[in-house]
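Here the protein sequences line up with chains A and B, keeping their order.
Under numbering that gives the first Met the number 0, read the first sequence as residues 0 to 290, first letter to last.
Under numbering that gives the first Met the number 0, read the second sequence as residues 0 to 402, first letter to last.
Mixed in with the good hints there might be a few duds.
Here are the computed lysine-lysine pairs in the DSS-like style, where the Cα-Cα straight-line distance is at most 27 angstroms [claimed, not checked]:
hint, chain 1, residue 1, chain 2, residue 2
1, B, Lys-377, B, Lys-313
2, B, Lys-348, A, Lys-114
3, B, Lys-43, A, Lys-283
4, B, Lys-238, A, Lys-50
From the structure, some residues in chain B lie toward chain A, with a derived Cβ separation under 8 angstroms [to be verified]:
hint, residue
5, Arg-82
6, Gln-215
7, Ala-216
8, His-233
9, Thr-257
10, Val-341
11, Thr-347
Label-pair restraints from in silico Cβ distances [claimed, not checked]:
hint, chain 1, residue 1, chain 2, residue 2, range
12, A, Ser-231, B, Asp-265, 52 to 62 angstroms
13, A, Thr-75, B, Glu-237, 41 to 51 angstroms
14, A, Lys-286, B, Arg-44, 20 to 30 angstroms
15, B, Asn-174, A, Glu-247, 42 to 52 angstroms
16, B, Lys-208, A, Asn-196, 30 to 40 angstroms
17, A, Tyr-53, B, Gly-46, 51 to 61 angstroms
18, A, Tyr-53, B, Lys-208, 19 to 29 angstroms
19, B, Asn-174, A, Thr-75, 49 to 59 angstroms
20, A, Arg-103, B, Asp-318, 49 to 59 angstroms
21, A, Asn-196, B, Glu-204, 26 to 36 angstroms
22, A, Asn-153, B, Asp-189, 39 to 49 angstroms
23, A, Glu-195, B, Asp-265, 27 to 37 angstroms
24, A, Thr-99, B, Glu-271, 53 to 63 angstroms
25, B, Asn-174, A, Glu-195, 31 to 41 angstroms
These are calculated hints, taken from the structure and not from any lab test.
Since this is a predicted model, take the numbers as computed values, not measurements.
By construction, the Cβ of each residue, glycine as well, lies at the ideal position given by its N, Cα and C atoms.
The primary structure of each chain is shown beneath.
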Amino acid sequence: MENALKNHLIELENESLELIREVCFTNDFDKIVVLYSIGKDSSVLLHLFQKAFYPFPIPVRFMHIDTGWKFKEMYTFREKISKDINLIVYKNPENLNPFTDGSRYTEIMKTEALKQAIEQYGFKIAFGGARRDEEKSRSKERMVSIRDKYHKWNPRNQNPEISPLWNTYYTEETELRVFPLSNWTELDIWEYIRQENINVVDLYFAKERNVVKTPSGMYIATQDKHKGEKRSVRFRTLGCYPLTGAVESEAKNVDDVIEELKTAKYTERITRVIDYDTEGSMEKKKKDGYF
Amino acid sequence: MDKIFSFICCGSVDDGKSTLIGRLLLDSGNVKIDQLQEAEKISKRNGSNRTELSLLSDGLLSEREQQITIDVAHRYFDYNNIRFHILDCPGHKQYTRNMVIAAAMTNTALLVVDCMGGIQEQTLKHIDICSLLRVQNLCICITKCDLLQGDLQDNPILKNLCKKIETLMKKYNFNYTIIPISSVSGYNIDKVFNQIYTYAQEVLETQNKKCILHIQAARLSKDTRFYYARETTHTSPEKGENYTLYPANIGVGISNVTGHGVFNIDSDIDVERGDCITNTPVLVHNILKQKTIWFNEPSEDMLLKHGTRIVKIKKYTDDLIETDDVIIFNDIDDIKENGFAVIIDNKTKRTIGCCVFIDNKRSNQQTTTHKNEDESKKQKLKSILASQGFSQADINKMIASIK
Ligand SMILES: Nc1nc2c(ncn2[C@@H]2O[C@H](COP(=O)(O)OP(=O)(O)OP(=O)(O)O)[C@@H](O)[C@H]2O)c(=O)[nH]1
Ligand SMILES: [Mg+2]
Numbered sequence: 000m001e002n003a004l005k006n007h008l009i010e011l012e013n014e015s016l017e018l019i020r021e022v023c024f025t026n027d028f029d030k031i032v033v034l035y036s037i038g039k040d041s042s043v044l045l046h047l048f049q050k051a052f053y054p055f056p057i058p059v060r061f062m063h064i065d066t067g068w069k070f071k072e073m074y075t076f077r078e079k080i081s082k083d084i085n086l087i088v089y090k091n092p093e094n095l096n097p098f099t100d101g102s103r104y105t106e107i108m109k110t111e112a113l114k115q116a117i118e119q120y121g122f123k124i125a126f127g128g129a130r131r132d133e134e135k136s137r138s139k140e141r142m143v144s145i146r147d148k149y150h151k152w153n154p155r156n157q158n159p160e161i162s163p164l165w166n167t168y169y170t171e172e173t174e175l176r177v178f179p180l181s182n183w184t185e186l187d188i189w190e191y192i193r194q195e196n197i198n199v200v201d202l203y204f205a206k207e208r209n210v211v212k213t214p215s216g217m218y219i220a221t222q223d224k225h226k227g228e229k230r231s232v233r234f235r236t237l238g239c240y241p242l243t244g245a246v247e248s249e250a251k252n253v254d255d256v257i258e259e260l261k262t263a264k265y266t267e268r269i270t271r272v273i274d275y276d277t278e279g280s281m282e283k284k285k286k287d288g289y290f
Numbered sequence: 000m001d002k003i004f005s006f007i008c009c010g011s012v013d014d015g016k017s018t019l020i021g022r023l024l025l026d027s028g029n030v031k032i033d034q035l036q037e038a039e040k041i042s043k044r045n046g047s048n049r050t051e052l053s054l055l056s057d058g059l060l061s062e063r064e065q066q067i068t069i070d071v072a073h074r075y076f077d078y079n080n081i082r083f084h085i086l087d088c089p090g091h092k093q094y095t096r097n098m099v100i101a102a103a104m105t106n107t108a109l110l111v112v113d114c115m116g117g118i119q120e121q122t123l124k125h126i127d128i129c130s131l132l133r134v135q136n137l138c139i140c141i142t143k144c145d146l147l148q149g150d151l152q153d154n155p156i157l158k159n160l161c162k163k164i165e166t167l168m169k170k171y172n173f174n175y176t177i178i179p180i181s182s183v184s185g186y187n188i189d190k191v192f193n194q195i196y197t198y199a200q201e202v203l204e205t206q207n208k209k210c211i212l213h214i215q216a217a218r219l220s221k222d223t224r225f226y227y228a229r230e231t232t233h234t235s236p237e238k239g240e241n242y243t244l245y246p247a248n249i250g251v252g253i254s255n256v257t258g259h260g261v262f263n264i265d266s267d268i269d270v271e272r273g274d275c276i277t278n279t280p281v282l283v284h285n286i287l288k289q290k291t292i293w294f295n296e297p298s299e300d301m302l303l304k305h306g307t308r309i310v311k312i313k314k315y316t317d318d319l320i321e322t323d324d325v326i327i328f329n330d331i332d333d334i335k336e337n338g339f340a341v342i343i344d345n346k347t348k349r350t351i352g353c354c355v356f357i358d359n360k361r362s363n364q365q366t367t368t369h370k371n372e373d374e375s376k377k378q379k380l381k382s383i384l385a386s387q388g389f390s391q392a393d394i395n396k397m398i399a400s401i402k
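Just chain A, with the same shape it has in the complex (with noise of 0.2 angstroms):
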């Protein structure tokens, strides 16, 4: 049957896609922008990106939130990758520090510097690539999301939403946050990597590394601060490198990771202290202004 050979995986690629062109056509491409993380749900972005205007090239810019405190390796990949794309990188001037400066650190080199940026150029609509079985907020929220002028998530106060006649129109008062991979689960992004042969960040494959563990998680050892012990780990998400926690695993390659995640027993959340601090917290930070 020819229907067979037409995998959920296209489905899901249609919608992006579709979400993607309806969201840039119907607005000016310089008030948008791409919010670009490094990890693998941006790497799968960037894809559809390209994908979504082929032949012409992406008509937006992107944009990395930089910390200062993100992998060596993401550095290095970023620096390939900005010769595909036109990307901002912005950083808070500010500069606290994750083992310091706790839980404000998060907010002023987080979420605080993605309102600087976005205010700074003057961006109305920004992509994420956030998936709605990541976390149980992200479950509730919409494709096109509408924030307020300070960039405030209302769970209350959404658009009715009937994808795929997305409402695509911001106003003085309000912007849009915009989820191409909302319907994506953590496996589908693999095997979607997998098919497509996109690149992502070394760090998500397995190998000795030297990690510090601690009741929180285990942590890439840094020389001048901790003494680690070789492990042979991998990491389900990538952030700021002291906030991310790691995951034993054999996984080597992406066909490893596909066989491991579907026995996966604990959700890719659980490496991220971010999202994890207490309960409600990934709620309260996109109500901030967090994406």
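Once you have looked at the hints, place chain B with the ligands on chain A.
Just chain B with the ligands, lined up with the frame of chain A:
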């Protein structure tokens, strides 16, 4: 996984929608340890002596505190090679709009009815919405059957409720079944799985060959025009196929397909955003027979978005909407995906209504404005000029001067 099948879970407040979704996720092995641990922790804190499975679906803090669903939750599970996308709707009256939007996106609903509470006002409301939005399959789950005493086979409460539901269903056109269940004990949950799996197979097998392309943009590269389109019926065009361009009503051939929804046509006709290229009959009107579900009060200045077209609403009554330009659509009974639109307040730019097209084909009225005919003549002229080697810019100038 071959396909994605989405369905909603609806019914009156507290009748057990989110708990049923939680049970389906759990029994299909789609709940991770940390998610379950969290639900256990909150249940304990809320003083419950069992794990509230609704917490697996209710994600907002206020939902967890008030133990009601406010907004639709999107959840996914894989079962027998099909990806299921569940939309867990709120039952509360205040949040009915969120149920409407979910119903517009699917063919199948789980409708829950509490065995003790029976049919409520909100149950009826949801049934009406499902009917208006042409949700065909209704799997009616009578929930909380663990609270009934004795043998369920001839329980008077259950028998009575089934009878009532059957009588009610006579008024509608649904393909329905009734299953008594308990999400707490797991009773008959396998039957629910089987039923939605059957619906999924039916729906996924009747994939149509109708292809409706709503043009998102046209872009010119050297001499080639590329068109980007939304595939409204999830069917892609193929090279060599013959289609019709609307509103111009001109035949065009697909000369190449370069990506999803990206293609070229074999003619120089000027196609723009909002046009529609299709291989199936569509209606092209600016007076629309419809029923609108309003989320907010209608305002003075409203837009209607359908396909990739946004037109102004000039007049509206309960049954008719007149717009300042045609839209290219179908009745909801013909092609559901092309059978409804959203209404946007032009001032606030918020979505304020969902408009369903009904009976436009049958009524056979002369509703289309002359603009449409002019458009068709203009296009024909353009293609003649183009075939004579005039540039697009010159053609546009000439056409403009004719007026
Ligand atoms: N005994 C019993 N209780 C149930 C069952 N299903 C749900 N409940 C209880 O009914 C209450 C409401 O359940 P929910 O699943 O939150 O109801 P809902 O329909 O999602 O409610 P809204 O989304 O707010 O409209 C909760 O206290 C559940 O524990 C069941 O099968 N048996
Ligand atoms: Mg609920």
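Results of checking the hints against the structure:
no.: 1; hint: Lys-377(B) / Lys-313(B); in the structure: holds (25 angstroms)
no.: 2; hint: Lys-348(B) / Lys-114(A); in the structure: holds (23 angstroms)
no.: 3; hint: Lys-43(B) / Lys-283(A); in the structure: holds (23 angstroms)
no.: 4; hint: Lys-238(B) / Lys-50(A); in the structure: holds (19 angstroms)
no.: 5; hint: Arg-82; in the structure: holds (5 angstroms)
no.: 6; hint: Gln-215; in the structure: holds (5 angstroms)
no.: 7; hint: Ala-216; in the structure: holds (4 angstroms)
no.: 8; hint: His-233; in the structure: holds (7 angstroms)
no.: 9; hint: Thr-257; in the structure: holds (7 angstroms)
no.: 10; hint: Val-341; in the structure: holds (5 angstroms)
no.: 11; hint: Thr-347; in the structure: holds (7 angstroms)
no.: 12; hint: Ser-231(A) / Asp-265(B): 52 to 62 angstroms; in the structure: holds (57 angstroms)
no.: 13; hint: Thr-75(A) / Glu-237(B): 41 to 51 angstroms; in the structure: holds (42 angstroms)
no.: 14; hint: Lys-286(A) / Arg-44(B): 20 to 30 angstroms; in the structure: holds (22 angstroms)
no.: 15; hint: Asn-174(B) / Glu-247(A): 42 to 52 angstroms; in the structure: holds (49 angstroms)
no.: 16; hint: Lys-208(B) / Asn-196(A): 30 to 40 angstroms; in the structure: holds (31 angstroms)
no.: 17; hint: Tyr-53(A) / Gly-46(B): 51 to 61 angstroms; in the structure: holds (56 angstroms)
no.: 18; hint: Tyr-53(A) / Lys-208(B): 19 to 29 angstroms; in the structure: holds (25 angstroms)
no.: 19; hint: Asn-174(B) / Thr-75(A): 49 to 59 angstroms; in the structure: holds (57 angstroms)
no.: 20; hint: Arg-103(A) / Asp-318(B): 49 to 59 angstroms; in the structure: holds (58 angstroms)
no.: 21; hint: Asn-196(A) / Glu-204(B): 26 to 36 angstroms; in the structure: holds (32 angstroms)
no.: 22; hint: Asn-153(A) / Asp-189(B): 39 to 49 angstroms; in the structure: holds (40 angstroms)
no.: 23; hint: Glu-195(A) / Asp-265(B): 27 to 37 angstroms; in the structure: holds (30 angstroms)
no.: 24; hint: Thr-99(A) / Glu-271(B): 53 to 63 angstroms; in the structure: holds (57 angstroms)
no.: 25; hint: Asn-174(B) / Glu-195(A): 31 to 41 angstroms; in the structure: holds (38 angstroms)
Comparing the model with each earlier hint shows no violations; every hint is respected.
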